[in-house]
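Novice: Starting from the structure of chain A, add chains B and C where the hints point.
Chain by chain, the residues:
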Amino acid sequence: MENIVVIGGGVSGLEAAGQLARMGYSVTVAEKNEKTGGNVKNWYHLFPDRRDSKEVIDYLNKLASHPDIKILTGKEITEISSRNGKFDIKSSDGTVLEADAVIVATGFELFDSRRKEEYGYGIYDNVITSADLEKMFRSGGVRLVNGKLPEKVGFIHCVGSRDEKVGNYYCSKLCCVTAVKQAIEIKEKIPGAEIFCFYMDMRMGGPYYEELYREAQEKYGITFIRGKVSEISVNINGKLVTKAEDTLAGRPLRMELDMVVLMVGTEMPEGNIKLAERSLLKCSENRFFKPVDNHYGSNLSGKKGIFYAGCCVAQMNITESISHARAAVSEVVNYLKNR
Amino acid sequence: MKEPENKRIWSEYQKEIADDHFFYVRSCIRQSFFPGSEQFFLKMMREILGKDIYENPSHTTCTGIGYHTDIVPFETIMTVIARHFALMKEAGYRNIAISCVTSFGIYTEIIETWKHFPETLEKTREYLYKATGREFDVPENMAHTSDIVYKFRNEIAAKAKYRLVNRFTGEPLKVVEHIGCHYSKMFPKYGVGGAEFPKVLSGMIEAWGGQVIDYPERRHCCGFGFRQYIVQANRGYSLSNSVKKFESMKPYKPDFIITNCPGCNMFMDRWQYAMREMEGKTYGENGLSIPVLTYEEVAGLVLGINPWELGLQYHMVQSEPLLDKIGIEYNPSDKYLTKDGIRIPAPENLINIK
Amino acid sequence: MKSNKFGFTLSEPRVIDYEANNRQIAEYIFDHEPTFRLCIECGACAATCTAGQFMTFSLRELNVLLKRGENDIPRQRIKNCMFCGKCILVCPRGVNTRGVIFHAREAFRKIEGNERF
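Chains as they are written, first to last, in the numbering used here: chain A, 4 to 342; chain B, 2 to 355; chain C, 70 to 186.
Incorrect hints may have been included.
Stated by the list, open to error - Each computed SDA-like pair below joins lysine to any residue, with the alpha-carbon atoms no more than 20 Å apart:
| no. | chain 1 | residue 1 | chain 2 | residue 2 |
| --- | --- | --- | --- | --- |
| 1 | B | Lys90 | B | Ile112 |
| 2 | A | Lys222 | C | Lys179 |
| 3 | B | Lys245 | A | Glu248 |
| 4 | A | Lys155 | C | Gln93 |
| 5 | A | Lys231 | C | Ile109 |
| 6 | B | Lys186 | A | Thr81 |
As the list claims (entries may be wrong) - Per label pair, the in silico range of CB-to-CB distance:
| no. | chain 1 | residue 1 | chain 2 | residue 2 | range |
| --- | --- | --- | --- | --- | --- |
| 7 | C | Leu158 | B | Pro252 | 23 to 33 Å |
| 8 | B | Lys254 | A | Lys168 | 30 to 40 Å |
| 9 | C | Gln122 | A | Asp115 | 48 to 58 Å |
| 10 | C | Phe123 | B | Pro74 | 39 to 49 Å |
| 11 | A | Met26 | C | Ile157 | 52 to 62 Å |
| 12 | C | Phe75 | B | Glu136 | 21 to 31 Å |
| 13 | C | Ile180 | A | Glu121 | 37 to 47 Å |
| 14 | A | Glu280 | B | Arg47 | 46 to 56 Å |
| 15 | C | Gln122 | B | Lys124 | 48 to 58 Å |
| 16 | A | Asp115 | B | Ala347 | 17 to 27 Å |
| 17 | B | Pro252 | A | Lys168 | 53 to 63 Å |
| 18 | A | Asn289 | B | Thr121 | 27 to 37 Å |
| 19 | A | Lys168 | C | Gln122 | 35 to 45 Å |
| 20 | A | Lys168 | B | Thr121 | 22 to 32 Å |
Read the hints as simulated data drawn from the structure, not as lab findings. Cβ coordinates follow ideal geometry from the N, Cα and C atoms, glycine included.
The shape of chain A in the complex, shown without the other chains (with noise of 0.2 Å):
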């Protein structure tokens, strides 16, 4: 039986393996973190229908326990190596795996919020980022260091994506529609709360996004300010002094909030672009992975029998992230069969 390894238990990665398995193909997933699930399983709800994420997570696992799939969890890849057809996975751990074809699906991981310092993460107490908010939802409860309800709160888009200063020009595309998922969901849990979106760009592309937004607006009330946020200090009260300017009124702003939330970019994990550069994979000038072609071929590596799924080459959301998945499989099906 051919086998094949999927590099990254998370989305695409899970979604081509069970795929594979179910058309009869042995499938190895390795998966460098302990549990499967990659980004989706630290996030509580899903945009835009604000589905639990664990609806998902079951679905991927559902379809990933099959027995000819083998799952290795805390197994980091660092290059992979062809021979005679076959391909050689090397894993940080010194162990190899065997493959006849392999799929890279190794996602994305989020920006470090500390580079960008004029914010203050990790500094100031109440600066939070998206995914400590999903963290929160999760747990149950919106609160501050000290216990309260946070009555200001504001989302700070674009955090590490669009940004020349930490080397990311691109649009992370995940996190407009997050921003204001989170922002509804917060004024659901603190119905008093005054929430500010501070935006460069409010890019709702996708299905049922713009629709999303307008109901932030018209039934939440949410404050969307176009202008990007320039610093963050604590003034005497502990109150969060956010800078910004109004754009749209040609004015500079101030204003006092009790939490923000940075609304953090997607990137290429730093061990992917080692493994990219160790197996001769090309990368693109955001780093992520490059296919041979961005409209029909988006998931060929350029190197025959080692094919891209989901983020490891563009911001996808789940949806695309399983079909693009998908796509991979009916590429190396394509593979074995005519090699």
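Specialist: Using the frame of chain A, we list chains B and C on its own:
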């Protein structure tokens, strides 16, 4: 504020600061406004820290004020800086110590320009050679004098006679640190601690027993701005910027302000006088104003140097209430005696006079 | 009156100080014309506006200022609208723009006691 995370940020921007053998360049204004600082810096370097620091009497202004007011073109200022480097080379030095933040910004800007546009470096070599017959090398190490004091802050702390502690309460003194914009906002890598959380002055304050205040307008410019303050009618803009800072720091009741830029120091000191005269406003505790000291003056105070030798009497905001808090001994009657023992008249309208 | 003792005066701050501002006028409009919330500042209303062709009047701008509690400019400029209603036709978000202006005027009159426009 969570201290350990804070320290992580500082650590990423540790610039290299030479240990010894400095070629010193002066500021245009600081000798007139607070003359004790430079004197004491050189004395501290040579006599207390035992370092070799050399100043060539024929070095000139960097022409930074002219440059920032659009009088001096960039080619000219690059050539003036090149001449300083030539004097340094001729004297056998490789580490430059720059005492002015405007100059420091000019030096960093020029060196970065030369790095990115090597043809401008060649042009400058040509201009300097044609004009003076001199040749120069780019310094191996470039430090602002506050970087050097930062580097030796623990040595100073070890020799200190006083600590920045309120002797009546036992609490650390609350200190506002104000960094000149051109120290690290243009090129964060040239500043200790970078631009957002510069460590250069806060490191000294912590080493000497004080506590640094992180207030909302900490990063705001003092408003010096060259072409603004040079035109009298525009000075309200400069003043307004300092006032924005004063109002933001006031609730924290700072004991003093420490600066590393001659312009900021002069403005934050004199503007408190202006605001008291114009609007009847003061920003210190109990209707007093906040003393604004240079890092050399603060180093001198903790080392037990006579405040009048440090030149504290030449600020507008007088420091006696601060000296009393620290417990520093001073002789009020010596305040306006020159080194030769001549009594000069006391300036009028000083602030914080007992 | 700011002192000019030394030949210069303090500058007026340009910053919108959100906490210092009063947003009662905006709240009144939200209550009486909830579509006021839906504006995304596209500016179509201002582009088509009859008054805006010849007077300083942009409903888009007034919308932002009112929501921030910067009422001084809207208080004056809101008088320039002549209620022709072209703006309603172009709004992509279904804001009852005419109603926003009507209730803004009402709010200034009722809350601040301004004369009837």
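Novice: A separate judgement is required for each hint: does it hold in the structure or not?
Specialist: Okay, the hints, checked on the actual structure:
{"no.": "1", "hint": "Lys90(B) with Ile112(B)", "result": "16 Å, holds"}
{"no.": "2", "hint": "Lys222(A) with Lys179(C)", "result": "26 Å, violated"}
{"no.": "3", "hint": "Lys245(B) with Glu248(A)", "result": "17 Å, holds"}
{"no.": "4", "hint": "Lys155(A) with Gln93(C)", "result": "18 Å, holds"}
{"no.": "5", "hint": "Lys231(A) with Ile109(C)", "result": "17 Å, holds"}
{"no.": "6", "hint": "Lys186(B) with Thr81(A)", "result": "39 Å, violated"}
{"no.": "7", "hint": "Leu158(C) with Pro252(B): 23 to 33 Å", "result": "52 Å, violated"}
{"no.": "8", "hint": "Lys254(B) with Lys168(A): 30 to 40 Å", "result": "35 Å, holds"}
{"no.": "9", "hint": "Gln122(C) with Asp115(A): 48 to 58 Å", "result": "50 Å, holds"}
{"no.": "10", "hint": "Phe123(C) with Pro74(B): 39 to 49 Å", "result": "46 Å, holds"}
{"no.": "11", "hint": "Met26(A) with Ile157(C): 52 to 62 Å", "result": "57 Å, holds"}
{"no.": "12", "hint": "Phe75(C) with Glu136(B): 21 to 31 Å", "result": "48 Å, violated"}
{"no.": "13", "hint": "Ile180(C) with Glu121(A): 37 to 47 Å", "result": "38 Å, holds"}
{"no.": "14", "hint": "Glu280(A) with Arg47(B): 46 to 56 Å", "result": "52 Å, holds"}
{"no.": "15", "hint": "Gln122(C) with Lys124(B): 48 to 58 Å", "result": "53 Å, holds"}
{"no.": "16", "hint": "Asp115(A) with Ala347(B): 17 to 27 Å", "result": "56 Å, violated"}
{"no.": "17", "hint": "Pro252(B) with Lys168(A): 53 to 63 Å", "result": "31 Å, violated"}
{"no.": "18", "hint": "Asn289(A) with Thr121(B): 27 to 37 Å", "result": "32 Å, holds"}
{"no.": "19", "hint": "Lys168(A) with Gln122(C): 35 to 45 Å", "result": "41 Å, holds"}
{"no.": "20", "hint": "Lys168(A) with Thr121(B): 22 to 32 Å", "result": "25 Å, holds"}
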